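**Q** Residues per chain, in single letters:
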Amino acid sequence: MTDECVGAERLGELLQPIIDGHGGDPGMLVQILREAQEALGYLPAAALTAIARAVGLPRARVEGVAGFYSFLHLQPVGRYRVLFSDNITDHMLGSVELMDRLCNRLWIERGKVSEDGLVSVDTTSCTGLCDQGPALLVNGRAMTRMSAERIDRISEMIRAELPLDDWPREYFRIEDNIRRRDALLNTCWPAGEALRAALARGPEAMLAEMRTSNLRGRGGAGFTTYIKWESARRAPCRGEPPERYIVCNADEGEPGTFKDRVLLSSYTDLLFDGMSVAGFTIGATRGLLYLRGEYAYLLPALRENLARRRRDGLLGTALCGQDGVCFDIEIHVGAGAYVCGEESALLESLEGKRGVPRIRPPFPVTVGYRGQPTVVNNVETLCKAALIAVNGGAWFAGLGTKQSTGTKLLSISGDVEMPGIYDYPFGVSVAQVLNECGAGNAQAVQISGPSGTCLGMHEFSRHVAFEDVPTAGAFMVFGAHRDMFEVARNFAHFFAHESCGFCTPCRVGTSLVANCMDKIADGHGSQYDINEIFKIHRLLHVASHCGLGQSACNPLFDTLNKFRPAYERRLRSLDFEPAFDLDQALAAARQMTGRDDPAAHFGLAARVPGVTT
Amino acid sequence: MTQQSILLDGLPVPFEEGQTIMDAAMAAEIFIPHLCHHPEFKPQGSCKLCTVKASGRYVSACTMPARDGMEVENNSPDLNDKRRTMLQMLFVEGNHFCPSCEKSGNCMLQALAYELEMLSPHFNQFYPNRPLDASHPQVLLDFNRCILCELCVRASRDVDGKHVFSLSGRGITKHLIVNAESGRLADTDFSLTDKAAHVCPVGVILEKRKGFAVPIGQRRYDVDPIGMQVERLAHRTTTEEEI
Chain A
1 MTDECVGAER
11 LGELLQPIID
21 GHGGDPGMLV
31 QILREAQEAL
41 GYLPAAALTA
51 IARAVGLPRA
61 RVEGVAGFYS
71 FLHLQPVGRY
81 RVLFSDNITD
91 HMLGSVELMD
101 RLCNRLWIER
111 GKVSEDGLVS
121 VDTTSCTGLC
131 DQGPALLVNG
141 RAMTRMSAER
151 IDRISEMIRA
161 ELPLDDWPRE
171 YFRIEDNIRR
181 RDALLNTCWP
191 AGEALRAALA
201 RGPEAMLAEM
211 RTSNLRGRGG
221 AGFTTYIKWE
231 SARRAPCRGE
241 PPERYIVCNA
251 DEGEPGTFKD
261 RVLLSSYTDL
271 LFDGMSVAGF
281 TIGATRGLLY
291 LRGEYAYLLP
301 ALRENLARRR
311 RDGLLGTALC
321 GQDGVCFDIE
331 IHVGAGAYVC
341 GEESALLESL
351 EGKRGVPRIR
361 PPFPVTVGYR
371 GQPTVVNNVE
381 TLCKAALIAV
391 NGGAWFAGLG
401 TKQSTGTKLL
411 SISGDVEMPG
421 IYDYPFGVSV
431 AQVLNECGAG
441 NAQAVQISGP
451 SGTCLGMHEF
461 SRHVAFEDVP
471 TAGAFMVFGA
481 HRDMFEVARN
491 FAHFFAHESC
501 GFCTPCRVGT
511 SLVANCMDKI
521 ADGHGSQYDI
531 NEIFKIHRLL
541 HVASHCGLGQ
551 SACNPLFDTL
561 NKFRPAYERR
571 LRSLDFEPAF
581 DLDQALAAAR
591 QMTGRDDPAA
601 HFGLAARVPG
611 VTT
Chain B
614 MTQQSILLDG
624 LPVPFEEGQT
634 IMDAAMAAEI
644 FIPHLCHHPE
654 FKPQGSCKLC
664 TVKASGRYVS
674 ACTMPARDGM
684 EVENNSPDLN
694 DKRRTMLQML
704 FVEGNHFCPS
714 CEKSGNCMLQ
724 ALAYELEMLS
734 PHFNQFYPNR
744 PLDASHPQVL
754 LDFNRCILCE
764 LCVRASRDVD
774 GKHVFSLSGR
784 GITKHLIVNA
794 ESGRLADTDF
804 SLTDKAAHVC
814 PVGVILEKRK
824 GFAVPIGQRR
834 YDVDPIGMQV
844 ERLAHRTTTE
854 EEI
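As you go down the protein sequences, you meet chains A and B in turn.
Taking our numbering as reference, the numbering of the first sequence is continuous, increasing by one, and the terminal residue is 613.
Taking our numbering as reference, the numbering of the second sequence is continuous, increasing by one, and the terminal residue is 856.
Worth flagging that the hints you see were computed from the coordinates, not collected in a lab.
One or more hints might be untrue.
[Claimed, not checked] Below, in silico cross-link-like pairs of lysine-lysine (DSS-like), each with a Cα-Cα straight-line distance of 30 Å or less:
| hint | chain 1 | residue 1 | chain 2 | residue 2 |
| --- | --- | --- | --- | --- |
| 1 | B | K775 | B | K666 |
| 2 | A | K353 | B | K821 |
| 3 | A | K562 | A | K535 |
| 4 | A | K353 | B | K775 |
| 5 | A | K353 | A | K112 |
| 6 | B | K823 | B | K808 |
| 7 | B | K666 | B | K821 |
| 8 | B | K808 | B | K821 |
| 9 | A | K353 | B | K823 |
| 10 | B | K775 | B | K823 |
| 11 | B | K823 | B | K666 |
| 12 | B | K821 | A | K535 |
[Stated by the list, open to error] A partial selection of chain A residues facing chain B, derived with a Cβ cut-off under 8 Å:
| hint | residue |
| --- | --- |
| 13 | G67 |
| 14 | A496 |
| 15 | A566 |
Bear in mind the structure is a predicted one, so any value in this text is a computation, not a measurement.
Quick reminder that beta carbons are idealized off the backbone N, C-alpha and C, glycines included.
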């Protein structure tokens, strides 16, 4: 790794094998940029020019893609790049104080590279380790259970420039924390079990089982999986060569969700079986796993598994010895963009573009990856398809409720005694979950992450199911001592950071709302600002291009309705309060002149002798 | 076969197969506010000014295919209120100083603000730092006024075949870039004869040494409000001279 610009010749030497490794395919741009950055430390302007030339894309296109993703850098970054997970559950475990502590120890400012180019410290959106936080990423590797002691040790190791491989192993240990097993987590089949079952059934019968199962997508939207499979199976292939695709959405970016991480690391064969079953059923021969950049540390184990499956005849041509049945899986790694969890944005990213959601219709089942019929399913959905292949649709439909069949993995974090993964049949009450995970004094639960629903105590009798409280899996618990305003403020900043910027309401609205929340937090808010939030909420909800913008104000709307006192006690007045603080505007001048006397202040402070702020 | 039509604010408006709500409305000379739409280019639906309510759902008129019997609400207080808010968002996102802008009177953003009776920007200004690019001999780029409609991106890519413009960044930091390692327009193959040079609905792409040829007060939207110019908007081409 190097932090300085390399010569043109050396640049070519470093980039050529990466570009060749992807056959110079412009569709692989995101992968090429990721790997180029690994080789160069960051993406200098000359590297973008060279890559653009090599893959035959306009340079501005390449720069536009590189500029879209949080984990791709157009400016030099530290040789040690520390990113604290910025989810509210990490905050609740003390991440903000720990980050300040690390910055102080290293004598650096947050978000800026140290002058010697050694280190930078900043935040990143939820890293999916809420059950073992505070968590952080150092050069892309996940670290868990941070404490003051660990932070001090890390600052010493960074200053001593100790290679990451020599850091204490336990700092990088990631637990599964499986707390409750049911239909899904109880399975311990050998690799290929579900695939063999599906092959024995044949595609038509497998599809019929899917229909009987009434499986609905586990990524949050709850679309019936059978309909996706059936539509893609029927849709004509357009391209050359004609192809259908199975895409596994492992871009688990919703803050507070980490169940796919556990499936990817401990139920890998079940997932790959599920993808293969889907491929066999709809007539696809290629599967793509879109792995979020934050989970890149899972890559070696996943690749090893794929290699083993190829050796065992579970991938490749002639699956399980059946001639003519082909399927293979490749892994694409994301680069830090929550919006790529939206299926059409994910496809754009897979095609090496900016992760901007497409205009729909057409839907991916007819025009998907590279214009071909594509099924995009969540990790958990595909694991459940594997269960259905073995146990049949009727068995699955017998679990859960009529409209929400089967079980659902919940990622439970926050103020609970036993955070981790819980497998529950759909229809379970929120109260029962709270009881079993040891949430003694919960005042609220945020279900399905910031884009989901915030439930107050009076709603704990409701049920987790598509027909009542739908969820993608996040279940964040907030004890009575937590400030629900700060929860909502954290979510507002999350959406502002993750908005792709395509449409006006979301691009500007999410930032306006985040600023409004900061104004209230700073004690300059009034009823006026609350009205503004409602107004922007109403606009974003209906006019945004995709679900991100449409749900971006949900947590504010919910908390404003249910925890209004948390907002109101921060308001300076119930009338208008200007955002512009004249006295604060003089702060820079005071700092430059070294003055802090009353005459250097505006307003009240200037009139009262001896008072300084 | 009988003529297919949509019901636009209660008025039957005919359409041909494959037309969007916007296409049908424009052909019938009914104004739906828009910024990123241009009849010569593939619609993208990003500015959201053309948001209408079709069969009870809010959709972008420029990308939503018309369907026979579809009831579309367009000119209503609710929709115009939402459009006004989005205009205000665009105004505070960039740095728009109409009185000193060369495009004042020819600017669609300004014209729509008048049309929709936007009296103030309402929100707090972001005041982004967007340096000018005066490197090119013929053209000045003033990014302060960019509303990210991507018309120049589309024109350069789809018509000129040059890919001079692109977007980078995301969220509120999304911005227009040019196709050069230096980041300067002078180092691209851009020329004043490109379609992309004449497609900007606001005042980003300005021809040098040609300021204020037509006095303010006599310009396109000074004379008639934009809502009265649907026929021209429907048939405009990027080759027409700015007047």
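**Q** Hint by hint, note whether the structure agrees.
**A** Status of the hints after comparison with the structure:
1. For a cut-off of 30 Å, the pair hint linking K775 of chain B to K666 of chain B is broken: about 37 Å separates their Cα positions.
2. For the hint linking K353 of chain A to K821 of chain B, the alpha-carbon distance of about 34 Å lies beyond 30 Å, and the restraint is violated.
3. As the CA atoms of K562 of chain A and K535 of chain A are separated by approximately 18 Å, the hinted pair is consistent with the 30 Å bound.
4. Of the supplied pair hints, the one linking K353 of chain A and K775 of chain B holds, its CA atoms being roughly 18 Å apart against a limit of 30 Å.
5. Taken as a hint, the K353 of chain A and K112 of chain A pair is honoured in the structure, with Cα atoms around 28 Å apart against an allowance of 30 Å.
6. Distance restraint check for K823 of chain B and K808 of chain B: the Cα-Cα separation of roughly 18 Å lies within the 30 Å cut-off, and the hinted pair is therefore satisfied.
7. Straight-line distance between C-alpha atoms of K666 of chain B and K821 of chain B comes to about 42 Å, which puts the hinted pair past the 30 Å bound.
8. Proposed proximity of K808 of chain B and K821 of chain B is supported: the alpha carbons are some 16 Å apart, at most 30 Å.
9. Between K353 of chain A and K823 of chain B, the direct Cα distance comes to roughly 38 Å. Violation of the 30 Å bound is thereby established for this hinted pair.
10. For a cut-off of 30 Å, the pair hint linking K775 of chain B to K823 of chain B stands: about 25 Å separates their Cα positions.
11. Distance check on the hinted pair: K823 of chain B and K666 of chain B sit about 42 Å apart at the alpha-carbon level, beyond 30 Å; violated.
12. Proposed proximity of K821 of chain B and K535 of chain A is contradicted: the alpha carbons are some 41 Å apart, above 30 Å.
13. Interface hint status for G67 of chain A: upheld, as the beta-carbon distance to the closest one in chain B is roughly 3 Å, under 8 Å.
14. Here the hint on A496 of chain A is kept, as its CB sits about 6 Å from the closest CB of chain B, short of 8 Å.
15. Because the beta carbon of A566 of chain A sits about 23 Å from the nearest beta carbon in chain B, more than 8 Å, this interface hint is broken.
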